[in-house]
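These protein sequence lines map, in sequence, to chains A and B.
Residue numbering for the first sequence follows numbering that gives the first Met the number 0, starting at 0 and increasing by one per position.
Residue numbering for the second sequence follows numbering that gives the first Met the number 0, starting at 0 and increasing by one per position.
Since the hints were made in silico from the structure, they are not lab data.
Treat the hints with care, since some could be wrong.
[Claimed, not checked] From the structure, some residues in chain A lie toward chain B, with a derived Cβ separation under 7 Å:
1. Phe59
2. His80
3. Met86
4. Phe88
5. Phe105
6. Met109
7. Gln110
[Unchecked claim] Across the chosen pairs, the derived CB separations fall in these ranges:
8. B:Arg174 <-> A:Gly191: 25 to 31 Å
9. A:Glu315 <-> B:Phe93: 55 to 61 Å
10. B:Leu71 <-> A:Leu60: 39 to 45 Å
11. B:Leu107 <-> A:Ile23: 38 to 44 Å
12. A:Gly143 <-> B:Val112: 54 to 60 Å
13. B:Leu100 <-> A:Leu175: 53 to 59 Å
14. B:Phe243 <-> A:Ile23: 40 to 46 Å
15. B:Leu100 <-> A:Leu112: 38 to 44 Å
16. A:Gly191 <-> B:Leu71: 55 to 61 Å
17. B:Ile241 <-> A:Gly46: 54 to 60 Å
18. B:Gly204 <-> A:Leu112: 38 to 44 Å
19. A:Ala118 <-> B:Phe243: 42 to 48 Å
[To be verified] Incomplete in silico selection of chain A near chain B, CB under 7 Å:
20. Thr76
21. Ser79
22. Ala92
23. Phe94
24. Gly106
All C-beta atoms in this analysis are idealised placements derived from N, C-alpha and C, irrespective of residue type, glycine included.
Now for the letters of each chain:
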Amino acid sequence: MTSLSATDAQYLRLSGITKHYGGIPVVNDVSFGVTRGEVLTILGPSGCGKTTTLKMIAGFLAPDQGSIAIDDKRVDTLSSHQRGAAMVFQNYALFPHMTVRRNVAFGLRMQKLPAAQIAREVDEMLARVRLDPYAERYPKELSGGQQQRVALARALIIKPKILLLDEPFSSLDAKLRKQLRVEFLEVHRAFGITSIFVTHDLEEAFAISDKVAVMNGGLLEQIGSPVEIFARPRSRFVADFVGHKNLISGDVANGVLTAGALSMKMPAGTANGPTQVTVPVHRVRISRGPVSGDNAYAAAVSSVTFLGPAMQIGLEIAGTAFEVYSPSTAELADLAIGDRVNAAWDAGDVTAIPASGK
Amino acid sequence: MIPNAERLILGAWTALICVFMLGPLVVMFAISVTASGYISLPYEGISLRWYHDMLRQTVFIDAAINSVVLALQATAISVVLGTATAIAVTRYRFPGRGIILMLAGAPLFVPLVMTGLAILIFFSAIGIGGPAERLLVAHICLTLPYIVRMVSVSLAGFDWNQEAAALNLGASRLRAFVEVTLPQILPGVIAGAAFAFIISFDDVGISIFLTGAAYKTLPVELYAFAAFDLTPMIAAVSVAMILFSAAFVLLIERLFGVQKVLAGEVGTKNPAA
Ligand SMILES: Nc1ncnc2c1ncn2[C@@H]1O[C@H](COP(=O)(O)OP(=O)(O)OP(=O)(O)O)[C@@H](O)[C@H]1O
Ligand SMILES: [Mg+2]
Numbered sequence: 000m001t002s003l004s005a006t007d008a009q010y011l012r013l014s015g016i017t018k019h020y021g022g023i024p025v026v027n028d029v030s031f032g033v034t035r036g037e038v039l040t041i042l043g044p045s046g047c048g049k050t051t052t053l054k055m056i057a058g059f060l061a062p063d064q065g066s067i068a069i070d071d072k073r074v075d076t077l078s079s080h081q082r083g084a085a086m087v088f089q090n091y092a093l094f095p096h097m098t099v100r101r102n103v104a105f106g107l108r109m110q111k112l113p114a115a116q117i118a119r120e121v122d123e124m125l126a127r128v129r130l131d132p133y134a135e136r137y138p139k140e141l142s143g144g145q146q147q148r149v150a151l152a153r154a155l156i157i158k159p160k161i162l163l164l165d166e167p168f169s170s171l172d173a174k175l176r177k178q179l180r181v182e183f184l185e186v187h188r189a190f191g192i193t194s195i196f197v198t199h200d201l202e203e204a205f206a207i208s209d210k211v212a213v214m215n216g217g218l219l220e221q222i223g224s225p226v227e228i229f230a231r232p233r234s235r236f237v238a239d240f241v242g243h244k245n246l247i248s249g250d251v252a253n254g255v256l257t258a259g260a261l262s263m264k265m266p267a268g269t270a271n272g273p274t275q276v277t278v279p280v281h282r283v284r285i286s287r288g289p290v291s292g293d294n295a296y297a298a299a300v301s302s303v304t305f306l307g308p309a310m311q312i313g314l315e316i317a318g319t320a321f322e323v324y325s326p327s328t329a330e331l332a333d334l335a336i337g338d339r340v341n342a343a344w345d346a347g348d349v350t351a352i353p354a355s356g357k
Numbered sequence: 000m001i002p003n004a005e006r007l008i009l010g011a012w013t014a015l016i017c018v019f020m021l022g023p024l025v026v027m028f029a030i031s032v033t034a035s036g037y038i039s040l041p042y043e044g045i046s047l048r049w050y051h052d053m054l055r056q057t058v059f060i061d062a063a064i065n066s067v068v069l070a071l072q073a074t075a076i077s078v079v080l081g082t083a084t085a086i087a088v089t090r091y092r093f094p095g096r097g098i099i100l101m102l103a104g105a106p107l108f109v110p111l112v113m114t115g116l117a118i119l120i121f122f123s124a125i126g127i128g129g130p131a132e133r134l135l136v137a138h139i140c141l142t143l144p145y146i147v148r149m150v151s152v153s154l155a156g157f158d159w160n161q162e163a164a165a166l167n168l169g170a171s172r173l174r175a176f177v178e179v180t181l182p183q184i185l186p187g188v189i190a191g192a193a194f195a196f197i198i199s200f201d202d203v204g205i206s207i208f209l210t211g212a213a214y215k216t217l218p219v220e221l222y223a224f225a226a227f228d229l230t231p232m233i234a235a236v237s238v239a240m241i242l243f244s245a246a247f248v249l250l251i252e253r254l255f256g257v258q259k260v261l262a263g264e265v266g267t268k269n270p271a272a
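With the sequences and hints as input, model every part of the structure.
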């Protein structure tokens, strides 16, 4: 796709979606658009309304307010299968009494297609997701990863416009998850589909998404590319959730933030007044020798955790505790609590978090 | 493997169970083939005269037909109501759920005589329905708990997202139920239906209040008959009833496999098959 039409940029559109349970809004005025062909991840802690949002898109739940449009057509009054949104469930919800072939054929059988056409399309689909050797097996005779692929094939065969995936890898082990992530992206691209992927796993969200929508307590906190979300969190919650540790509140005057004994240069154009900032854990350079940067300090090491390729180091800088991630260089190999090091970061890496954010 | 003492106790226990469970059946069978005119073991010779007699008794034939028809009707209605009830109470949490569960189970705990009397009084008070209708209502009450029980058990742990998935893939609600849910709860439905049928077919406690002179079920007819005329024909009718029940269980066994039905394996798959 070289250029996007207006509809392609808003291929799926949620406008002011709200859902209450027992008077409590569990999804609260959520609006966002999804571009055709992209993977959007809904990320957030348990109970924040991810599944509820997905169910409203899928048509299993009616929103109390708001509208949902797919490909410029309002769908929130249509039944589930008329929307062109196929769902892959968290525990797959495969039909245990049907073989892999019958599971995958289900959607086509419901369309009352001729048997020969169903057989041909199912065979093709099974081959594409490399399930052909397992066609006559039952779900319980498959591994978790294979079951996951059956669920994917069963949803894809009805040629949906949108694929909805609710934590599809959550019951699998870490290694398999990573492998299936790659497989999912291959399938996503090969089918040219638009996917909404729900997860509460930060790394998973970053690894597969074109866009991440962070939810908290039923509210959409922020939506953007993984890099944007990580580098420029726009609320305290998002900063915490994506792993920011160094959140500092102080006062900005003439481009310098003062918080107790600590002062640091801010990006050009930062307004004066009380401000909350984050210093990203991966942007702090440390060394026993001199380090350069807009903000350079002498620091005392308060903790060292070796994580393999990286080290998690606690620092005390001008009376403020910091946590930084640094590559496990030879120089830092024998770093110990109490050591004195130099630490520095650039003004441009400091990100102000808007006060309206919680 | 098993120590001697334990083996002895186990053996004695098994023997006792056999004697008490099967003994009466054997005695009943023996009496039914006696050649003598009164209830006795067949010392005076073996004959099928009481079976002949039985077949000439139109009251028994009519009552047997009543019983079979009633049991089939009650079972059919109970299966539909009971399955729907089981699904509602397993799947949803709603106000009144506890009451429905209690009502569905009540006939199991309330003495049959009380249920029978209550239904009699109720129907007399509102003055509708003859014995057949009253009995049908009573037998639905009687059999419903078994269906609700058995179906609820087979629904335990059922993943309702399967139905959502079916709807999402284009199935109607009915289609989703028939293609996805029903095959998986079929063992419970069949087992419940089998229980229901036999319980209805055997019942005396409730039925005795509700049958009329013109409409009796077989167990009630048998009971009435035994009260004033104790001939070996009673035994013949009893044996016939037992054989009928056994044939019914055998039929279920042939169609579905009783073992599998009770173990909850029908409808889910059997990899070897
Ligand atoms: N049927 C329901 N009745 C009442 N409350 C519900 C119902 N379904 C969900 N909730 C509540 O709505 C909130 C959001 O639920 P939801 O399932 O969308 O969360 P989630 O983000 O998917 O969480 P998780 O990561 O644990 O799956 C939760 O607080 C939940 O308790
Ligand atoms: Mg969820």
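Determine whether the Cβ-Cβ distance between Gly204 (chain B) and Leu112 (chain A) falls within the hinted range of 38 to 44 Å.
Since Gly204 (chain B) and Leu112 (chain A) have Cβ atoms about 55 Å apart, the given range 38 to 44 Å is violated.
Was the hint right that Met86 (chain A) lines chain B, CB cutoff 7 Å?
holds, 5 Å
Status of the given 38 to 44 Å range, CB of Leu112 (chain A) versus CB of Leu100 (chain B)
holds, 43 Å
Holds or violated: is there a CB of chain B closer than 7 Å to the CB of Ala92 (chain A)?
holds, 4 Å
Should the interface hint for Phe94 (chain A) be scored as holding, given a Cβ-Cβ cut-off of 7 Å against chain B?
holds, 6 Å
Regarding the hint that Thr76 (chain A) lies at the interface with chain B, is the smallest CB-CB distance below 7 Å?
For Thr76 (chain A), the interface hint is violated, since the closest Cβ of chain B sits about 16 Å away, which is over 7 Å.
CB of Leu107 (chain B) to CB of Ile23 (chain A), is that within 38 to 44 Å?
holds, 39 Å
For the hint on Gln110 (chain A), just tell me whether its beta-carbon gets within less than 7 Å of chain B.
With Cβ-Cβ at 6 Å, under 7 Å, it holds.
Verify the CB-CB distance for Gly143 (chain A) and Val112 (chain B) against the hinted window 54 to 60 Å.
Cβ of Gly143 (chain A) to Cβ of Val112 (chain B): about 55 Å, so the range 54 to 60 Å holds.
Hint says 42 to 48 Å; check whether the CB-CB distance for Ala118 (chain A) and Phe243 (chain B) agrees.
holds, 46 Å
I want to verify a distance hint. Is the separation of the beta carbons of Leu100 (chain B) and Leu175 (chain A) within 53 to 59 Å?
violated, 41 Å
With 7 Å as the cut and Cβ atoms as the points, is Gly106 (chain A) at the interface with chain B?
holds, 4 Å
Hint violations for this structure: numbers 13, 14, 18, 20, all remaining hints satisfied.
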